Structure formats: structure tokens, C-alpha cells
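Visitor: Here are the chains, one letter per residue:
There are 4 protein chains.
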Amino acid sequence: MEFASDNAGPAHPKVLEALIAANTGYAGGYGADSVTEAVQARIRDIFEAPEAAVYLVGTGTAANSLILATLANPWDTVFCTSMAHINEDECNAPEFFTGGTKLTLVKDADARMDPEALRAAIAAEESRGVHGPQRGPVSITQVTERGTVYSLDHIRAITGVARDFGLKTHLDGARFANALVALGCTPAEMTWKAGIDAVSFGGTKNGCLGVEACIFFEPAKAWEFELRRKRGAHLFSKHRYLAAQMQAYLRDDLWLDNARAANTAAARLAAGFAAHPQVTLAHPAEANIVFARFPRHLHAKMQRAGAHYYVWDGDPFSGDPEEQLMGRFVCDWSADPAETDRFLELLAQG
Amino acid sequence: MEFASDNAGPAHPKVLEALIAANTGYAGGYGADSVTEAVQARIRDIFEAPEAAVYLVGTGTAANSLILATLANPWDTVFCTSMAHINEDECNAPEFFTGGTKLTLVKDADARMDPEALRAAIAAEESRGVHGPQRGPVSITQVTERGTVYSLDHIRAITGVARDFGLKTHLDGARFANALVALGCTPAEMTWKAGIDAVSFGGTKNGCLGVEACIFFEPAKAWEFELRRKRGAHLFSKHRYLAAQMQAYLRDDLWLDNARAANTAAARLAAGFAAHPQVTLAHPAEANIVFARFPRHLHAKMQRAGAHYYVWDGDPFSGDPEEQLMGRFVCDWSADPAETDRFLELLAQG
Amino acid sequence: MEFASDNAGPAHPKVLEALIAANTGYAGGYGADSVTEAVQARIRDIFEAPEAAVYLVGTGTAANSLILATLANPWDTVFCTSMAHINEDECNAPEFFTGGTKLTLVKDADARMDPEALRAAIAAEESRGVHGPQRGPVSITQVTERGTVYSLDHIRAITGVARDFGLKTHLDGARFANALVALGCTPAEMTWKAGIDAVSFGGTKNGCLGVEACIFFEPAKAWEFELRRKRGAHLFSKHRYLAAQMQAYLRDDLWLDNARAANTAAARLAAGFAAHPQVTLAHPAEANIVFARFPRHLHAKMQRAGAHYYVWDGDPFSGDPEEQLMGRFVCDWSADPAETDRFLELLAQG
Amino acid sequence: MEFASDNAGPAHPKVLEALIAANTGYAGGYGADSVTEAVQARIRDIFEAPEAAVYLVGTGTAANSLILATLANPWDTVFCTSMAHINEDECNAPEFFTGGTKLTLVKDADARMDPEALRAAIAAEESRGVHGPQRGPVSITQVTERGTVYSLDHIRAITGVARDFGLKTHLDGARFANALVALGCTPAEMTWKAGIDAVSFGGTKNGCLGVEACIFFEPAKAWEFELRRKRGAHLFSKHRYLAAQMQAYLRDDLWLDNARAANTAAARLAAGFAAHPQVTLAHPAEANIVFARFPRHLHAKMQRAGAHYYVWDGDPFSGDPEEQLMGRFVCDWSADPAETDRFLELLAQG
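Each protein sequence line maps, in turn, to chains A, B, C and D.
The first sequence begins at 28 in our numbering and counts up one residue at a time.
The second sequence begins at 28 in our numbering and counts up one residue at a time.
The third sequence begins at 28 in our numbering and counts up one residue at a time.
The fourth sequence begins at 28 in our numbering and counts up one residue at a time.
Each hint should be verified, as a subset may be incorrect.
Beyond 10 angstroms from chain D on every Cβ pair, some chain C residues (computed) [as the list claims (entries may be wrong)]:
| id | residue |
| --- | --- |
| 1 | E29 |
| 2 | N34 |
| 3 | G56 |
| 4 | Q67 |
| 5 | A68 |
| 6 | R69 |
| 7 | S92 |
| 8 | E117 |
| 9 | D137 |
| 10 | A150 |
| 11 | F192 |
| 12 | G211 |
| 13 | A215 |
| 14 | K220 |
| 15 | G299 |
| 16 | P343 |
Under the rule of at most 20 angstroms between Cα atoms (straight-line distance), these lysine to any residue pairs were calculated in the SDA-like manner [unchecked claim]:
| id | chain 1 | residue 1 | chain 2 | residue 2 |
| --- | --- | --- | --- | --- |
| 17 | C | K134 | C | E115 |
| 18 | C | K328 | C | R369 |
| 19 | C | K248 | B | H158 |
| 20 | C | K248 | B | G156 |
| 21 | B | K41 | B | R69 |
| 22 | C | K41 | D | A48 |
| 23 | A | K134 | A | H181 |
| 24 | A | K134 | C | M110 |
Derived from the structure by calculation, the hints contain no laboratory data.
Only a predicted model underlies this, so the values are computations on that prediction, with no experimental measurement involved.
The beta-carbon is built from N, C-alpha and C at its ideal position, and this holds for glycine as well.
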């Protein structure tokens with residue numbers, strides 16, 4: 028009954044096999060190896076973007092921060108939602124890598140940025156010459172931090188507003204695959220065809236050990252990115268071991284299969300919550316994350332039974348047994364349906 | 028005949044086995060797992076430093092930069108040699124992570140910092156109130172960037188000068204194990220017993236995929252380091268896969284065995300160079316790196332035979348066949364003695 | 028009819044006389060002169076703070092940014108209102124000087140920060156270990172950016188919340204004197220006696236050419252501040268010319284007289300607005316700034332008559348003549364009552 | 028007998044008169060005033076550079092740091108001499124404003140950078156891909172920090188090397204006027220006609236209170252500079268008081284007259300030193316700074332007589348009376364020939 032995080036789960040065995048396969052003799056360092064080259068080509072293929080600049084790093088925060096630093100000036104402001112990972116969960120890494128760019132928080136609904144609120148927020152900046160922060164890129168997260176998924180129309184609405192002001196849009200795709208299978212579209216449709224300029228393409232949460240791709244559809248700043256990556260200490264010397272993970276991840280649809288498994292598990296969980304008289308969903312559960320509200324006494328029971336998940340609203344340890352808490356439940360590719368069923372059965376017994 | 032770099036070599040099979048062993052079910056993220064805890068304890072044991080703060084990161088540049096940022100203020104200057112990795116090979120990462128600390132280059136002999144030159148360099152700073160940079164930490168590299176090894180007396184001389192001015196000393200130990208087996212001393216003797224305050228303890232170049240430990244013998248700034256690591260995007264979420272590498276590396280003396288193999292291969296190479304009438308050693312070869320000078324025609328021959336190494340002085344591609352080039356030869360744990368012999372035989376044929 | 032800004036006004040003649048008086052022969056550079064020493068002592072006296080560390084800089088943004096950089100770590104977040112000058116009007120200078128500190132925007136009423144909203148905002152941070160930004164200092168502006176003044180009780184409420192969490196409070200006193208005469212209290216009462224830790228003490232907007240004092244009531248970080256000031260290029264070499272301005276400003280109550288003149292002019296204006304059937308005050312006018320709403324046709328008329336002020340809401344150039352605009356009117360020490368009357372008379376004629 | 032620094036001297040009375048003249052009623056803030064506009068036009072005229080971007084700041088360190096930040100990337104290295112003010116006397120301000128650019132120290136003779144050493148230093152960088160710092164701008168100081176002056180040929184040699192590598196050259200002209208009158212050339216000849224791209228044009232040391240101009244002959248990055256200036260807190264709100272100083276400085280050749288007076292005083296001093304059997308010049312005295320070596324007993328005598336200057340080499344307070352010290356003597360525009368003569372007479376008496 029493990030719902031704490033998709034980074035608490037294991038790596039997929041095929042990813043580890045790929046590491047072993049890559050571990051043959053000598054290979055060029057710092058990305059000058061054949062596995063890296065192959066994986067870059069594979070990503071360009073998958074995204075139908077033969078000109079794209081593709082780089083690998085070890086963490087999602089590195090991917091987001093390095094991309095934003097490449098897109099934004101230090102005197103700019105980045106437009107994102109208040110619950111964006113770049114705002115809430117990166118300990119000011121975006122501010123560090125950009126050299127002090129600000130984040131302007133735009134209204135959302137279920138963690139999806141509101142396009143008209145974005146338009147108003149952008150319009151409100153840069154009206155005071157050098158005094159205010161200047162307009163910088165827009166950043167959205169897909170799957171969002173609340174488990175919802177932007178539709179293609181919604182993404183186009185966001186990037187359309189950004190382009191009206193000449194701004195770029197970054198997509199934080201830490202859970203890219205989960206969103207993709209939820210939408211049933213192609214990577215190109217979910218990104219550059221919808222106006223996205225750069226993507227943090229996650230592997231870690233969906234079966235890798237630790238690898239994310241940074242993708243720029245317009246490669247003009249590719250060299251700048253390479254320098255920023257090295258200066259940020261994110262260029263791995265034995266680079267083939269990053270690349271091998273990603274190669275296995277993208278081979279034979281492993282990434283999509285993993286994402287489908289995670290989403291299916293979350294849907295099963297969400298259906299169980301919806302059917303429970305004392306539980307309500309806090310947000311639509313559209314991918315592999317479920318937010319639910321339930322009384323404290325239910326929480327206490329599930330904890331005693333050994334379930335793991337984070338409580339985001341309310342004090343899990345004390346108070347009125349009927350008071351509502353909000354829990355976050357994340358399913359990863361390795362989620363065991365039997366465990367989910369066990370959890371729901373226990374819950375159903377109230 | 029692979030002598031390009033110890034990061035071009037493979038990972039040791041036991042390190043990969045450890046990854047597989049760690050890949051069992053769910054585990055806490057961001058270092059809250061039992062493997063990480065075990066490896067921290069193991070490092071404290073090895074260093075006889077029960078109070079030490081120990082952290083893992085994925086690259087050596089991250090280890091160096093994060094440690095220096097923790098030890099130095101942005102208005103300080105770090106004292107190092109001109110060929111220090113932090114000066115020459117990190118694309119200003121130390122300056123980035125520290126927020127603009129300067130590096131003051133101190134005279135060396137065979138890449139070993141001269142203690143009296145260090146004293147003079149420190150004395151020359153901070154004599155102008157707020158105008159000049161302030162005195163910051165000293166940083167030395169062991170094994171040095173020219174393949175030499177500091178003796179314990181030499182390290183004590185350096186840290187003694189630093190302490191005379193109240194300054195800390197950092198040891199960049201990207202090749203820590205190679206130096207340790209060369210000296211035949213304990214980790215404690217080579218570090219805190221000799222006055223070292225913080226260590227970048229390398230694993231990547233000596234058989235791991237990508238992991239380095241950051242060790243502070245005085246843990247006062249441990250929390251600050253943790254925040255800097257996260258803000259620098261160097262906190263891995265699936266942290267157990269960093270830890271498992273290091274755990275295997277330190278188990279059953281693998282790290283020392285690997286280092287001995289690399290040093291032995293380099294000694295074999297250096298002996299062959301020394302015996303060759305047309306080759307001279309550019310620096311004493313004391314660990315796993317050999318610098319040698321030889322005429323261009325010998326280089327051309329070895330290239331044709333498929334040998335891989337970097338030429339650091341002279342144009343490898345054109346010029347007088349008798350002109351001297353300087354090559355750097357690095358041996359890693361996986362070096363094949365037969366290949367080294369083949370190289371030396373070819374060389375001996377002139 | 029000049030209401031554009033209090034930095035559009037002239038310097039007071041006595042300030043210029045002081046420059047001439049200070050211009051005698053040689054004097055130590057970088058603050059090592061007798062005028063600087065005298066003005067530091069004078070400020071300590073005025074604030075009844077014999078231990079305070081006092082420094083001069085040339086701009087208000089420098090004062091704010093250098094103080095915040097001294098109080099906050101790069102991984103912290105500063106708590107301020109959305110309309111805070113440090114958020115809206117300094118082109119990310121606070122982020123630059125702090126090395127990437129975030130600003131968390133706290134709810135206000137008439138630009139005065141709400142203490143309970145502050146408590147909630149602080150409580151919401153630092154609950155995620157290294158992941159979120161850490162709690163940093165609180166910063167409030169007195170006179171606020173909307174022309175209101177914090178009561179002493181209100182300041183104590185804010186600093187009380189900050190201290191409950193062990194946080195420092197900064198007061199941006201670009202219009203310190205205007206607030207002081209509005210409250211009729213002492214500088215000590217409005218600052219350290221009410222829990223304030225550091226003050227940007229403005230001179231520029233109230234009769235100087237360009238000088239602000241930075242005051243730390245607890246001098247522990249005085250030397251760090253001096254290094255930050257020099258590193259920020261804000262240490263003036265011919266420092267006596269900063270000091271002489273401040274000396275004249277604080278002599279014979281010039282600063283208080285100037286502030287009273289400005290406040291009186293603004294009160295006259297506000298009274299005229301309040302009496303006008305088509306004008307409403309947008310915020311209480313408590314010092315030297317007045318925000319008023321009025322129909323576009325009135326604006327057009329006043330513009331034709333040569334009045335200068337900024338329109339902050341609404342398009343001043345086109346639209347329905349009855350649509351409401353919001354204008355900001357600032358009075359400085361040199362405001363001419365006859366001009367204010369002329370403005371009000373024109374306005375009264377409709 | 029005041030030779031400590033040209034920033035210890037007074038401002039010229041005409042500069043103060045200009046402040047009073049500018050102090051009439053209201054004027055636009057932040058540079059939107061007629062005096063600023065006039066002084067920008069005047070500087071473009073003087074430099075025969077109608078397209079130049081011209082900005083004013085309050086300190087020389089701000090001018091240098093903001094210009095270098097505009098010319099250099101954070102991953103670059105700036106080429107300068109070891110005694111460059113940007114290296115020795117700005118407390119890492121260039122590193123701060125650039126976001127961590129390194130400084131590479133190039134060999135000099137009498138503080139003038141050696142063009143062939145520059146070529147070698149540039150050639151040595153950027154040969155390691157992303158690993159080393161990248162090649163950034165060259166920065167030279169005119170008058171140098173040792174009182175020498177670059178000839179036009181020498182400047183052209185430096186900028187020629189820079190251009191061979193596609194690099195820009197910055198001239199730190201804190202004592203621009205002193206060099207100009209020493210060379211007897213035009214501002215254009217000493218700058219853009221000799222290949223200089225940007226100039227810190229000093230006013231403070233030569234009769235102003237505190238103002239320096241930043242001049243870019245190619246205005247492509249003008250807007251970026253304006254944002255950097257504001258973000259660095261160096262945009263003065265009551266900007267006319269910066270501009271008025273510079274306007275007076277450039278009117279009726281005041282700047283050149285002041286510089287000539289200072290240079291003449293220094294030449295008188297240098298001649299006296301040269302004639303003294305116990306004194307030797309440490310560097311050619313070509314503008315308004317003189318470096319001289321003399322025995323400690325002479326120093327003690329001059330100190331007792333009340334002479335002010337800094338001792339740069341040797342302990343001024345104790346040691347063998349015959350031991351050589353090196354003193355720096357700076358003459359400003361207000362130097363009194365009678366005082367210089369008195370100093371030399373006392374010195375002559377031994």
C-alpha cells in the first residue's frame with residue numbers, strides 16, 4: 028500500500044539491464060559516446076523534431092532550472108502557478124540558475140493555469156520601463172502538481188497567450204508519459220505542435236534511476252545550454268549510464284507501458300474513493316496522482332494498516348476524528364493492483 | 028590501449044550488482060532510505076570520524092562546488108594552483124555556486140601547491156579592508172592534476188599555513204583512493220589528521236557510474252550544505268541508486284583494489300616510458316596518471332596503432348617529426364596489462 | 028501642479044549648502060572622514076540606538092537590497108506585500124543582491140500587510156524540509172506604496188508574528204520622515220521599540236540629492252554589510268558628499284519640516300478630492316501620497332491645464348469620458364500651496 | 028602635502044555651482060530630464076560617436092562591473108592584469124555583477140598589459156569545449172594602476188589581439204582625462220579609433236563628487252545595460268544631480284584643465300624624486316601618479332612633517348632605517364604647487 032511518491036518506487040528491470048549492456052569497455056566521456064548519440068536521435072524521432080537540441084541531466088530540478096535559465100534573463104519574471112514544482116519544491120533552484128529571475132504566480136483551476144489570468148498577469152508587467160521585472164517565459168506542468176492533465180486545447184490557449192507577447196513556453200514534463208497516455212496523443216502534438224518551446228522530459232518517476240531529458244525545439248541556444256549544464260555541475264562524465272537508462276526507457280514502448288500501469292492503478296484508486304461515502308476527490312484524477320479528502324479517523328485506520336501517503340491539508344496526528352484531511356496518493360509503474368484493492372477494501376470497511 | 032581518461036572506463040560489475048540489489052520495492056526518496064544511511068555510516072567508519080556530515084552527489088564538479096560554496100563567502104578568494112580542476116575544468120562552476128568567489132592561483136611544483144607561496148598569497152590579501160577580496164579556503168587536489176601525490180607532511184604544511192590564518196582546507200579527492208594506496212596510509216591520516224576540513228571523495232573515476240561523497244569533518248554547516256545541494260539541483264530523488272554504488276565501492280576493499288590496479292598499470296607504463304631513449308616523464312608518476320614527452324613521429328605511430336590518450340602540449344597533427352609533444356596517459360581500474368605491454372612494445376620498436 | 032513623484036522635486040537649498048561646506052580641502056575616502064562619522068553618530072542619537080550600525084548609500088533600491096541580502100539566505104523567501112517596492116519596482120534587485128531569494132506575497136489592506144495573513148504565509152513555508160524555500164525576513168514599507176501609514180500597534184503586530192518564528196523585520200523607510208510626522212512618534216518608537224531590526228532610512232525623496240541610510244539595530248552583521256556594499260559597488264569614494272547631505276537633512280529638524288510640508292500639501296489635496304462630487308479617494312491619504320478615482324473627462328481637463336501625475340488604473344488616453352481612472356498624486360517638501368489650490372479650483376469647475 | 032588619493036581631494040567649485048543651477052523646480056526622474064539628455068549628447072560629441080549609448084552611475088566600480096557584465100557571459104573569463112582595479116580593489120564586484128565570470132591575469136610591464144602575453148592567454152582558453160571558461164572581453168586601465176599610460180599603438184595592439192579572437196575590449200578610464208592630456212590625442216583616438224568597445228569614463232577622481240559615464244560605442248546592448256543598472260540599484264532617481272556634475276565637468280574644458288593640473292603636479296614631484304640621490308622612481312610617472320622607492324628614515328621624516336601618502340611595499344612602521352619602501356603619490360586637480368615644493372625641500376634636506 029505504497030502511495031507516497033513515484034520516486035519511492037523501484038527502477039524497471041529493463042533499465043538496469045541496459046546499464047549492464049552499456050558497461051562494456053571504454054567509451055568517450057561527457058556525452059561523446061554512441062549510446063548518448065543514439066538516445067538523442069531516438070528522442071528527436073519520437074518528437075518528430077529532427078532539429079531539436081536534446082540533453083540529459085540527472086534530476087528534474089536540474090532540467091527545469093537549466094531550461095528556465097536558458098529561456099529567461101535575470102531581470103525577467105517567469106509565469107507559473109502557485110503550486111508549480113518550480114515555485115514550491117525546488118528550494119529556489121530556478122532563482123539560483125537564472126541569476127535571480129522572479130516567479131509571477133498565475134491563477135489556476137485544479138492546478139491548470141488559467142489562460143486569461145495569464146494574459147492579465149503578462150499585461151500587468153513591463154509597463155514601468157526598467158522598474159518592474161521584464162516579461163519572461165511561461166512554465167506549465169503536465170501532469171500538473173494536482174494530478175490533472177492539460178488538454179491540447181488548453182496548452183494551445185496558454186502558448187497562444189505567451190506568443191501574443193513574444194514569450195516562450197516551457198513544459199515541466201516530470202510525468203510526461205503519464206499525461207501522454209492520458210491524452211492519447213503524440214509527443215509532438217502535446218509539445219511543439221501545441222506551441223511548446225522546451226520540455227523537461229522525465230524518466231526518473233516512471234521507471235528510471237535518475238535521468239531527465241531537456242529538449243529545445245529551436246536549437247539556437249543549444250551551446251549556451253551546454254555551458255550552463257557544465258557550469259551547473261550537471262554534465263556527467265560517464266555519460267553513457269544516463270543515456271542507457273533513457274534508451275531502455277524509450278525502447279519497445281516501455282515508457283508508455285509504465286505510464287499506463289501507473290495511471291490504471293490511480294484510476295482504480297480514484298474509483299474506489301469516489302464510491303466511498305466518506306471520501307471525496309479533491310481534484311479530478313486524470314493521470315497517476317489522486318487527491319482525496321476523508322475524515323481523520325479513516326486516515327488513522329489506514330496508517331495503522333501500513334498505508335503510505337502524504338497528508339497535504341490538516342494535521343494527521345491530532346484533532347476531531349471527523350475533521351477532513353486531504354491526502355495525496357501517487358501510483359508508479361510498479362503499483363500492485365492487489366495492494367490497491369487491499370487498501371480500498373480496508374477503507375470500505377470504514 | 029586506452030589511456031584517455033579514467034572516466035572513459037567502465038563501472039565495476041559489483042557496482043552494477045549493487046544497483047540490482049537495491050532495486051527492491053519502495054524506499055524513501057531524497058536520501059531517506061536504508062542504503063543511504065548505511066553508506067553514510069560506512070564512510071564515517073572508514074574516516075574514523077563519527078561526527079562527520081556525509082552527502083552524496085552525482086558529479087565531482089558538484090562535490091567541489093558545493094563544498095567550496097559552503098566554506099567560502101562570495102567576497103572571498105579561494106587559494107588553489109593554476110592547474111586545479113576547479114580553476115581549469117569546471118566552466119566557472121565554483122564561481123557560480125559560491126556566488127562570485129575569486130580563485131587566487133598559488134605557485135606549485137609538479138602540481139603540488141608550495142606552502143610558502145601559499146603563505147605569501149594569503150598574506151597579500153585582505154590588507155586593503157573591504158577593497159580586496161577576503162581570505163577564503165584553500166583547495167588542493169590529491170592525486171594532483173599532474174599525477175603526483177602530496178605526502179602527509181606536505182598536506183600538513185599546507186593546512187598549517189591555512190590554519191595560521193584561520194582558514195579551512197578542502198581536498199579535491201576525485202582520485203582519493205589512488206592517492207591513498209600510493210601513500211599507504213589511512214583515510215583519516217590523509218585528511219582530518221593532517222588538517223583537512225572537507226573532502227570531495229571520488230567514486231566515479233574508480234569504478235562507479237557517477238557518485239561522489241562530500242565529507243565535512245566539522246558538521247556545523249551540514250544543514251546549509253543540504254539546502255545548497257537541493258538548490259543546486261543535486262539532490263537525487265531515487266537516492267538509493269547513488270548510495271548503492273558507493274556501498275559496493277566501499278565493500279570488501281573494492282575501492283582500494285581498483286585503485287591499486289590502476290596505479291600498477293600506470294607504474295608499468297611509466298617504467299616503460301623511462302626505459303625508452305626518446306621518452307621522458309614530464310612529472311613524477313605517483314598514482315594512475317602519467318605525463319610523458321616524446322617526439323611527434325612516435326605519437327603518429329601510436330595513433331596509427333589505435334592508442335587513445337590526450338596530447339596536452341604541442342600540435343599532435345602537424346610539425347617537425349622530432350618536435351616534443353606532451354601526452355597525458357590515465358589508467359583506470361580496468362586497465363589490461365596486455366594492452367599496456369602491447370603499447371610499450373610498439374613504442375620500443377621506435 | 029507637480030504631483031508626479033517626490034523624486035521629481037528639487038533638493039533643499041540647505042542640503043546644497045552643506046555640500047559646499049564639506050568641500051574644503053582633503054578628506055579621507057570611503058567613509059573615513061569626519062562628516063561621515065558625525066552623521067553616523069547623529070543617526071544613532073536620533074534613534075536612541077548607540078550600538079546601531081549605520082551606513083550610507085546612494086539609492087533606495089541599494090538600501091533595501093543590501094539590507095535584505097544581509098538578513099536573508101539565498102534559499103529563503105522574504106515576506107512582503109504584492110505592491111511592495113522591492114517586489115514591483117526594483118527590477119529584481121533584491122533577487123540579485125540576495126543571490127536568488129524568493130519573495131512571498133502576503134495579503135494587505137490598503138497596502139498594509141495583514142498580520143494574520145503573514146502568520147499563515149510563514150506557517151505555510153518550511154514544512155517540506157529542503158524542498159521549499161526557507162523562511163526569511165519580513166519586509167514592510169512605511170509610508171506604504173499606497174500612501175497609508177502603519178500604526179505602531181500594527182508594526183508591533185507584524186514584528187510579533189515574525190519573532191514568533193524567529194524571523195527579522197526590515198522597514199523600507201523611503202518616506203520614513205513622512206510617516207514619523209504623521210504618527211507623531213519618535214524614530215525609536217517606530218522602529219526598534221516596535222520590533223524592527225533594520226531600516227532603509229530615506230533622504231532622497233524628502234529634500235536630498237541622493238542618499239539613504241541603512242540602519243541595523245543589532246550590529247552583528249555590520250562587517251558583512253560593508254563587504255556587500257563594496258561588492259555591490261555602492262561604497263562611494265568621496266563619501267563626504269553623501270554624508271554632508273544627510274547631515275544637513277538631520278540638522279535643525281529639516282527632515283521633519285520637509286515631511287510636514289509634504290504631508291500638509293497632500294492633506295490639502297485629499298480634502299479637495301473628498302469634497303469633489305466626482306472624485307473619491309482610493310486609499311486613506313495619511314502622509315504625502317494621495318490615490319484618487321475620477322472620470323476620464325476630468326483627467327483630460329487637468330492634463331490640458333498642465334497638471335503632472337501618474338494614472339495607475341485605466342487608460343488615460345482613450346475611452347468613455349465617464350469611465351473611472353485612478354491617479355497617484357505625490358507631494359514633496361517643495362509643494363506650492365498656491366499650485367495645489369489652483370489644481371483644486373480647476374477640478375472644482377468640473 | 029596630500030598625496031594619498033585623488034578621491035581624497037575636493038570637488039571643483041564649478042561642479043557644485045552646476046548642482047545649484049540644476050536645482051530648479053521639478054524635473055523628470057531616472058534620467059528623463061534635460062540635463063541628462065544634454066550631457067549624453069555632449070559625450071557623444073566629445074567622442075565623435077553619434078550612435079554611442081551613454082549612461083551615468085555613481086561609482087567607478089559600478090561603471091566597470093556593469094560594463095563587464097554586459098560584455099561577458101557568466102561562463103567567460105575576462106583578461107586583465109594582476110594589478111587591475113577590477114581584480115584587486117573591487118571586492119569581487121565584477122564576479123558579482125557578471126554572475127561568476129573569472130578573471131585571467133595577463134603579464135604586464137609597468138602595469139601595461141603585454142599584447143603577446145594576451146594572445147597566449149586567450150589562445151590557452153576555450154580549447155577544452157565546455158570544460159574550461161570561455162573567452163570573454165579584455166579589460167585595460169588607462170591611466171594604469173601604476174601611473175603609466177598606454178600609447179595609442181599599445182592600445183591598438185591590445186585591441187588587435189582581442190579582435191583576432193572576436194573579443195571586445197573595455198577601457199577602465201577612471202583617470203581618462205589624465206591619460207588624454209598626457210597623450211595629447213582626442214577621446215575618439217584613445218578609444219573607438221583604437222579599437223575600444225566600451226569605456227568607464229571617470230569624473231569622480233578629477234573634480235566631481237561622484238559620477239562616472241559608461242559608454243558603449245556599439246549600442247546593441249543598451250537596453251540590457253539599462254536593466255542591469257536598475258537591477259544593480261545604480262539608477263539614480265534624482266538623476267539630474269549626477270548629470271549636472273558631468274555637464275560642468277565637460278564644459279569649457281574643465282576636465283582637461285583639471286587633469287593637466289594634476290599631471291603637472293605629479294611631474295614636478297617625479298622630477299624632484301629623480302633628482303634626489305636616495306629616491307628612485309619605481310615606474311615611469313606619466314600622468315598623475317608617482318611610485319617611488321626611498322629608505323625608511325626618509326619616510327619617517329616625511330610622516331613627521333605631515334605628508335600623506337600610502338606605502339605599498341615594506342613595513343612603514345618598523346625595520347632597518349635604510350631599507351627601501353615603495354610609496355604611491357597621487358596628485359589631484361587641486362594639488363598646491365607650494366605644498367609639493369615644501370615636500371621636495373624637506374625631502375632634499377635628507
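Visitor: K41 of chain C and A48 of chain D were given as a pair; does the straight-line alpha-carbon distance stay at or below 20 angstroms?
Guide: OK: K41 of chain C and A48 of chain D at ~14 angstroms, within 20 angstroms.
Visitor: Just want to verify: Q67 of chain C was marked as not at the interface with chain D; is every Cβ pair farther apart than 10 angstroms?
Guide: Given that every Cβ of chain D is farther than 10 angstroms from that of Q67 of chain C, nearest at about 19 angstroms, it holds.
Visitor: Take a quick look at whether K134 of chain A and H181 of chain A sit within 20 angstroms of each other, Cα to Cα.
Guide: 14 angstroms, holds
Visitor: Find the nearest Cβ of chain D to the Cβ of N34 of chain C and say whether that gap is larger than 10 angstroms.
Guide: 4 angstroms, violated
Visitor: Please verify whether K134 of chain C and E115 of chain C have alpha carbons no more than 20 angstroms apart.
Guide: Between K134 of chain C and E115 of chain C the Cα gap is close to 15 angstroms, so the pair holds against 20 angstroms.
Visitor: Can we trust that D137 of chain C is non-interface, i.e. its beta-carbon lies farther than 10 angstroms from all of chain D?
Guide: 24 angstroms, holds
Visitor: Say whether it holds or is violated: F192 of chain C keeps its Cβ farther than 10 angstroms from all Cβ of chain D.
Guide: Nearest chain D Cβ is 28 angstroms from F192 of chain C, so the label holds.
Visitor: Taking 10 angstroms as the cut and beta carbons as the points, is A150 of chain C off the interface with chain D?
Guide: With a cut-off of 10 angstroms, A150 of chain C remains clear of chain D, as the shortest Cβ separation is near 31 angstroms.
Visitor: Is G211 of chain C truly not at the interface, in the sense that its beta carbon sits beyond 10 angstroms from all beta carbons of chain D?
Guide: 28 angstroms, holds
Visitor: Measure nothing beyond the straight line between the CA atoms of K41 of chain B and R69 of chain B; if it is 20 angstroms or shorter, mark the hint as holding.
Guide: 17 angstroms, holds
Visitor: Grab the minimum beta-carbon distance between E29 of chain C and chain D and tell me whether it stays above 10 angstroms.
Guide: 4 angstroms, violated
Visitor: May I ask you to check that K220 of chain C keeps its beta-carbon over 10 angstroms from the closest beta-carbon of chain D?
Guide: K220 of chain C is indeed farther than 10 angstroms from all Cβ atoms of chain D, at 29 angstroms.
Of the hints listed earlier, those the structure fails to meet are numbers 1, 2, 3, 7 and 8, in rising order.
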